[in-house]
Amino acid sequence: MIKNSFIVGTAVALLCGTGVRPAEAQEVKTSSTTGIVEVSQVAITNAEAEVEKARAAIEKGKQLLTLIPEDSPLMPDVAQVIEAASENWKIAVDSLNGAKESASKISTASNASIADDYALLAKVNAGVALSGAKVVQIALTYIEAIAAEQTESLEIIRTAMQDALASCSQVQFNYERVKSLIAQKYSSK
Amino acid sequence: MTKFSTLLLTATLGSVALTANAADPAVAAGDLAEIASLSVQAKSALTDAALAGDVDAIAEAGKRSDAVDAAMAQAQEAFLAMERAIESGEQDVADSAAEELKAALENAVDALGGVIPEEVQQAIEDWKSDRKNAGAKGRPDDPVNVYEVPWDSARMKDFYQNNFANFWESGVLPQDKETTPE
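Chains as they are written, first to last, in the working numbering: chain A, 1 to 189; chain B, 190 to 371.
Hints in this document: simulated from the structure, not taken from any laboratory. Please note: incorrect hints may appear among the correct ones.
Label pairs and their in silico Cβ distance ranges [said to hold, decoys possible]:
#: 1; chain 1: A; residue 1: E52; chain 2: B; residue 2: Q311; range: 34 to 42 angstroms
#: 2; chain 1: A; residue 1: K185; chain 2: B; residue 2: E266; range: 19 to 27 angstroms
#: 3; chain 1: A; residue 1: S72; chain 2: B; residue 2: D284; range: 54 to 62 angstroms
#: 4; chain 1: A; residue 1: S107; chain 2: B; residue 2: E249; range: 19 to 27 angstroms
Partial pick of chain B residues on the chain A-facing surface, computed with a CB cut under 10 angstroms [unchecked claim]:
#: 5; residue: A212
#: 6; residue: A215
#: 7; residue: V216
#: 8; residue: A218
#: 9; residue: D220
#: 10; residue: L227
#: 11; residue: S228
#: 12; residue: V229
#: 13; residue: K232
#: 14; residue: S254
#: 15; residue: V257
#: 16; residue: A259
Given the structure is predicted, the values throughout are model-derived calculations rather than measurements. Cβ coordinates follow ideal geometry from the N, Cα and C atoms, glycine included.
Required output: the full structure, derived from the provided sequences and hints.
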């Protein structure tokens with residue numbers, strides 16, 4: 001139980017300590033002929049909204065944790081789910097910042113092809129951020145169900161969490177693949 | 190942001206992405222990422238329904254989630270076919286596979302919005318039934334799963350096993366490189 005409390009405490013500290021700057025207004029590009037620039041901006045806006053929702057869920061989750069007894073048999077689950085939430089919160093925040101950084105380079109790219117590649121990176125990285133934020137929200141939903149003693153919902157949420165984590169890994173995996181493929185394109189020139 | 194507007198944005202992402210060039214592996218991998226992200230969103234909708242305790246909503250969200258996952262499997266197969274076609278110089282086949290992947294993305298967007306063709310629903314039910322009856326958990330000769338799946342989910346482990354097996358067969362493994370186009 002002490003170990004569980006330590007893990008929960010550490011994970012909560014991580015959740016609270018990792019911040020993301022409030023959503024900044026994004027300059028919307030209108031000159032692209034391909035649409036990928038606009039798509040990347042929409043993706044970033046969408047991801048920002050989900051990261052904000054995840055932040056709100058974390059705030060709510062901190063209150064909910066106080067409702068769960070230390071000796072609850074579900075405490076190991078709580079510890080595990082918070083650990084997953086903590087990891088994915090960091091991923092969401094880092095990826096959102098990365099997406100914004102890629103998007104900021106679109107306008108200074110030397111040609112349309114490079115601008116499109118930056119836009120693609122921004123779009124996919126925003127997808128990583130959105131997925132990470134969604135996993136955080138699901139994790140906090142699980143904690144909410146435990147705190148509210150909605151035991152009949154737990155199995156569904158637990159399975160959904162498992163599958164969401166796996167799909168989220170797929171998003172990250174394919175982001176790395178996009179990076180790799182773009183790198184190959186320029187290294188072969 | 191409301192769920193409707195989130196869905197609208199998702200649909201916009203999907204439909205605009207459909208206009209991208211055919212047989213571009215980077216764009217295709219981006220589409221794979223997008224479909225996986227739709228899968229995560231479907232799971233989130235399912236958990237919302239579960240928390241609300243609405244049995245009908247749970248069933249509907251589960252149906253949509255399964256259909257998105259089916260589209261993800263369709264996209265994975267199309268991506269593999271595209272990679273092989275590019276390697277063997279079959280541009281027409283590669284373009285066709287890229288179109289198949291785009292169709293999978295469209296299917297995933299539709300599925301998340303609740304538009305699921307009857308034959309897809311039936312195929313999912315049949316697949317579930319077959320897996321249940323066979324007690325299948327991946328092929329016995331699958332390579333070792335290189336991904337860490339923190340939660341024990343037999344269905345997703347199967348998915349990963351097949352996914353890695355595809356890479357294994359294609360001989361192409363993703364490499365983590367720094368990407369700075371310029």
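Structure-based check of all given hints:
The hint said 34 to 42 angstroms for the Cβ distance between A/E52 and B/Q311, and at roughly 39 angstroms that hint holds. Distance hint for A/K185 and B/E266: a CB-CB separation of about 24 angstroms, consistent with the stated range 19 to 27 angstroms. Checking the proposed 54 to 62 angstroms range against A/S72 and B/D284 shows it holds: the Cβ atoms sit about 56 angstroms from each other. Checked against the hint of 19 to 27 angstroms, the C-beta distance between A/S107 and B/E249 comes to roughly 43 angstroms, which is inconsistent with it.
A distance limit of 10 angstroms between C-beta atoms decides the matter here; for B/A212 the minimum to chain A is near 12 angstroms, and the interface restraint is violated. Interface restraint check for B/A215: the shortest CB-CB distance to chain A comes to about 4 angstroms, inside 10 angstroms, so the restraint holds. Using the Cβ-Cβ criterion of 10 angstroms, the hint placing B/V216 at the interface with chain A is satisfied: the shortest such distance is roughly 7 angstroms. Checking B/A218 against chain A by beta carbon gives a least distance of about 4 angstroms; that is within 10 angstroms, so the hint holds.
Taken as an interface hint, B/D220 checks out: its beta carbon lies about 9 angstroms from the nearest beta carbon of chain A, inside 10 angstroms. Annotation: B/L227 was flagged as interfacial toward chain A, and the flag holds, the nearest CB pair being 9 angstroms apart, inside 10 angstroms. With its C-beta approaching chain A no nearer than about 4 angstroms, B/S228 sits inside the 10 angstroms limit, and its interface hint holds. Interface restraint check: B/V229 against chain A, minimum CB-CB distance 4 angstroms, threshold 10 angstroms, status holds.
Given the 10 angstroms rule on beta carbons, the hint for B/K232 holds: about 4 angstroms separates it from the nearest Cβ of chain A. The closest approach between the C-beta of B/S254 and any C-beta of chain A is roughly 8 angstroms, which is under the 10 angstroms cut-off, so the hint is satisfied. At about 9 angstroms, the closest approach between the beta carbon of B/V257 and any beta carbon in chain A falls short of 10 angstroms, and the interface hint on this residue holds. Hint status for B/A259: violated, given a least beta-carbon distance of 13 angstroms to chain A, over 10 angstroms.
Violated hints, listed in ascending order, are 4, 5, 16; each of the other numbered hints is respected by the structure.
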